[in-house]
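These protein sequence lines are chains A and B, in that order. The first sequence begins at 1 in full-length UniProt numbering and counts up one residue at a time. The second sequence begins at 1 in full-length UniProt numbering and counts up one residue at a time.
Simulated from the structure, these hints should not be mistaken for lab results. A portion of the hints provided could be inaccurate.
[Claimed, not checked] Example chain A residues on the side facing chain B (calculated, C-beta under 8 Å, incomplete):
{"hint": "1", "residue": "95"}
{"hint": "2", "residue": "97"}
{"hint": "3", "residue": "120"}
{"hint": "4", "residue": "123"}
{"hint": "5", "residue": "124"}
{"hint": "6", "residue": "128"}
{"hint": "7", "residue": "130"}
{"hint": "8", "residue": "132"}
{"hint": "9", "residue": "134"}
{"hint": "10", "residue": "136"}
{"hint": "11", "residue": "137"}
{"hint": "12", "residue": "138"}
{"hint": "13", "residue": "148"}
{"hint": "14", "residue": "151"}
{"hint": "15", "residue": "152"}
{"hint": "16", "residue": "200"}
[As the list claims (entries may be wrong)] Far from chain B, some chain A residues (derived; all Cβ distances over 12 Å):
{"hint": "17", "residue": "53"}
{"hint": "18", "residue": "68"}
{"hint": "19", "residue": "158"}
{"hint": "20", "residue": "217"}
{"hint": "21", "residue": "227"}
Built from N, CA and C at the ideal position, the CB exists for glycine as well.
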Amino acid sequence: MIASNSQLLNGLGGGNLSPENGNMLHVAPLSSQEPSNQKQVPMTADKIIEATNVSKWYGSFRALTDVNLTVRKGERIVICGPSGSGKSTLIRCFNRLEAHQEGEITVNGIRLHSKMRNVTDVRKNVGMVFQHFNLFPHMTVLMNCMAGPMWMKGLSESEAKKTALKFLERVRIPEQANKYPVQLSGGQQQRVAIARSLCMEPAVMLFDEPTSALDPEMVSEVLETMTSLARDGMTMVCVTHEMGFARAVADRVIFMDRGQIVEQGAPNEFFTNPQHDRTKLFLSQILKH
Amino acid sequence: MLYQDTIDSEVLVHKPWFVASTFAVVLALFLMYNLTGTTMGELMRPVIGDPSQSGLYGRFAIAFVIAVAFSLNLVLIGFAPIKAQIILVWLELLLLILAFFKSFELSLPFIRENLPFLITQGVFTTLYVSAISLLFASLIAIIAAVAKLSSNGFAYGIASFYTSFFRGLPLLMQIYLIYLGLPQFGIVLNAVPSGILALSVCIGAYMTEIFRSGIQSIDRGQWEASRSMGFGFGLTMRRIILPQALPVIVPPMGNTFISMLKDSSLVSVLGVWELTFLARTIGQPTFHNMEMLVAASLIYWVLSCCLELIQSKIERHYSRSKLR
Ligand SMILES: Nc1ncnc2c1ncn2[C@@H]1O[C@H](COP(=O)(O)OP(=O)(O)OP(=O)(O)O)[C@@H](O)[C@H]1O
Ligand SMILES: [Mg+2]
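Next comes chain B alone, as it looks inside the complex (with noise of 0.2 Å):
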């Protein structure tokens, strides 16, 4: 929350002003579209007759009937408590979202015959193989971490170009140099390890970074009491600095998370029967792509909300010690 003034001060969705200039975009906005050809037009057939031939007529109509739905519903849900905002403009915003999805005009049945499946089997591999792929980048990073910190040049060195190395190249080809490239070393791995370890060390570079700032964020007197009371390196880090550092950690890892999650679809192009491959595969023969694909970012989306309650849950428990 940003810092809340004691004061209450008047709604700003309530000010005339306030509401007359977004009246007045969002007019201005949907003026510069011609709506008249679209569902929206059909709608408003009772009033502007026949949407084709309604001209300038129909198409200040439409833009009018949407700001002042807009107005309404700015004004209206400004008189609601905190918690009934949140939730009804998220119910709206996703009614938007599944009006677009519904001008697609996609086979409802063909995605519930191949949920199950897109479920069992996709979700199921797109989460073992990120959730092991997190587990290693987090050792990875935690490790560089401590290397990129360190005073040994060596270590600094191997950390640092590992960084470098592995943030700057594009994960697609990562995958691709791990699958194609390390049995030129006479290690053969399967597409899923393959996967895995291409995604940790990625993910991981990026993780590195995050601790490292993470670490630096803790006031150089934490290492000073816990170094005067005895404590060695390892007990400093595991029980003084990291703890800290963890609630400055949690919200750009929970990023990461997020963006590794739907980045596990690249190994999809190793075959790898996760998520994006299924929808692909299942789709493509049949002209079903667009109902897979939309079925498999809504999937996407359903698991990242899941991380961000976690996060969310994560953060709210590392408040605790600031709560005056």
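The following block holds chain A by itself, in its conformation from the complex (with noise of 0.2 Å):
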């Protein structure tokens, strides 16, 4: 079981991401197998973000419920839910773009309250993908992917340039460096949101409906992108309604209603037999067309 995870991780080619092996997944993969980790890190490090019974309020009303989420190194989870539903609050808590009021979100060690002085540790580490992407339309597609690693971590122009083209051609689109984002399409700006964030070579990426503003034709070429992401053991939580990307990347697949998590397990298991009533109720919504 642990040789068949770490295989995963590494990203070794051909069909380990289908969906048999994907039901093994939560165990938590070993993290000294990883060839991306530089040190050796304490199993206790394994967990990137722990959630332990959060709730929000907006005003008066409950976004969320006493919400229990681990997310470990390498893990990808993906959460679905109807709209409304609190996925997008979640996440957003976990790089303190939103603030909880009740319960603890641990990311990467670091404690999120809103005392805290260090939020830009946690940030520099937990890269976002946004539903609109939310590019800088000022600058260039090379430049909005230089500007963290420049501004943030002290690199040099040059040194910041090779990193953006590093990854920019890991997202396929180096051709369109010096473009402006409005130039591009849709899916071609996504690409660049996922480049600029691994940029800042994050430890967990959160994705908040990626490719829910896309046109049909280029939510794929976004998918492929995220795929080969998550083939490469990289961390992601992420909020989608694409099932078919859940069944063959996901480790987890949780179910959120009305601001609590209802249900979660590996994919095969979820998507084939659902626990609950509106687990049920929803998917057979979401799988209808």
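Please dock the two separately framed chains into a single complex, following the hints provided.
Laid out in structure tokens, this is it:
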């Protein structure tokens, strides 16, 4: 089991991302077997995000209710659920774009709270990809990617450029480097947004419905990029309704409704044998078309 | 530019009904005024005889000639390429304005004689007073704008009181208040610094609102993306928000700059040797008031044209990332 796990993480090609293998994946992978990991990390550091009993209110409206979630290194988690169920709210709490009022969230060993002074250390390690890309329109694609490394990590311009080009290559659009975001298609823009986050070399990537603002024919290019990221062992938390992607890539699928995690499980089990009525209803609605 | 359709529409000024109706409107307009006693009447003397005796016939003839000239002008210019059209219209309007000024029977030699001093002393002072005020105003504005957007009640209170007070008081009062009021607190400022201070806080108050609305016009997503990458407030403001707000800010800023250039004439009440002050002091004792005032106005116009040019340059610079 462990062998097949690490094999997956190493991104050895071939069909090891099929749903058949997917169902064993919520076991924590061994970090020592991951090539991209520079130093030996003790097992306790394996948890990249740990949320316990997290609750959040918008005014008097309770958007999250006692959410518990642990994301381990190399894990790929897909969150789904009906509109307004709190998916975005939850992942936006993970990089403190939103504040939670109860419970604890620890990211990379740093506890998130309103008086923290080192939120930058968290955000540098947590990449986020938005539904509407949110590229910086006044900068070229290249500069969008260079900004983070230059301003946050103190890389020189030439080093930052090298990093940026490397990751633009990674999302397969290095030739667009000198264009402005508006000159690209939606799919290309989203891939630039992914590259921009990757340039910070984050420990975990958060995706908030990255394909739902895209035209159908562009969805696949973004999903392919994300799949190949997953194959390389990137830790990912993905809010998406792309169930094909969830089946192929996720280690764990989480279903949220009304601010709560209703059900979670390996994709195989989750899709073929959902336990809760709400999950069944949701799946039947989403798989209908 | 407005959104241009790709289909060439028929040129409006070449449509017979349009030309006919403009002709009718112009004719009617000029029939209402008796121009027989003016230069126009003199010009028409060969046709209508003695203008003062020509009566209704003279009025009609003059209005008719003007209407024909106007319509012909409209139709002919319509054939030129767009650049030439603009230049031609500008030239014609300029000529009209000059003819208007000429009707004051200004003494050109007097203007020529005093123009150099008006420029070296007056324009110079106006320019540096305005430029320094602009600089301070921008600084004040950006700080006040951030304060107005902040969640700190104290900062918001100060900033909103500031904009309300200094936008609300007449600039002339502010200038007096600062020049005559500050010495009460033991701060004695000379005329020029007083003027600069008054202009700075007043224009700063207007620009605060421009900056605030510019900053607010930027999509929340930009803040979120910037924050999610770990950029702090200052970095986000400087590198992400303000550069995007600038294209929104520049046109109203251009407006403010131009009006401030002219408002700087108000510091003449303190005896600062700027353009308006000099125009008046040179003109009054020699009874060439109008000469100097017209000259000064034209200089203000030239200066604001320069500002307009700079503004359009900046706008073009920032439209780059919007081009497809
Ligand atoms: N800033 C806010 N102020 C008040 N209520 C909010 C705010 N943001 C979100 N909410 C509410 O919180 C709930 C959860 O919102 P959230 O955006 O997390 O839903 P979601 O699961 O991401 O939905 P979707 O699939 O539509 O994106 C919704 O009912 C929403 O109305
Ligand atoms: Mg959402």
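Outcome of the hint check:
1. 95: holds (6 Å)
2. 97: With Cβ-Cβ at 6 Å, under 8 Å, it holds.
3. 120: holds (5 Å)
4. 123: Hint holds; residue 123/A Cβ to chain B Cβ min 4 Å, cut 8 Å.
5. 124: holds (4 Å)
6. 128: Hint on residue 128/A: holds, closest Cβ of chain B at ~4 Å, below 8 Å.
7. 130: Hint holds; residue 130/A Cβ to chain B Cβ min 6 Å, cut 8 Å.
8. 132: Residue 132/A check passes; min Cβ-Cβ to chain B is 6 Å, inside 8 Å.
9. 134: holds (4 Å)
10. 136: With Cβ-Cβ at 6 Å, under 8 Å, it holds.
11. 137: holds (5 Å)
12. 138: Given a least distance of 5 Å, the restraint on residue 138/A holds.
13. 148: With a minimum Cβ separation of about 5 Å from chain B (threshold 8 Å), the hint on residue 148/A holds.
14. 151: holds (6 Å)
15. 152: holds (5 Å)
16. 200: holds (6 Å)
17. 53: holds (24 Å)
18. 68: Consistent with the label, residue 68/A stays out of reach of chain B, its closest Cβ about 24 Å off (over 12 Å).
19. 158: Residue 158/A is indeed farther than 12 Å from all Cβ atoms of chain B, at 19 Å.
20. 217: holds (20 Å)
21. 227: holds (22 Å)
Hint compliance for this structure: no hint is broken.
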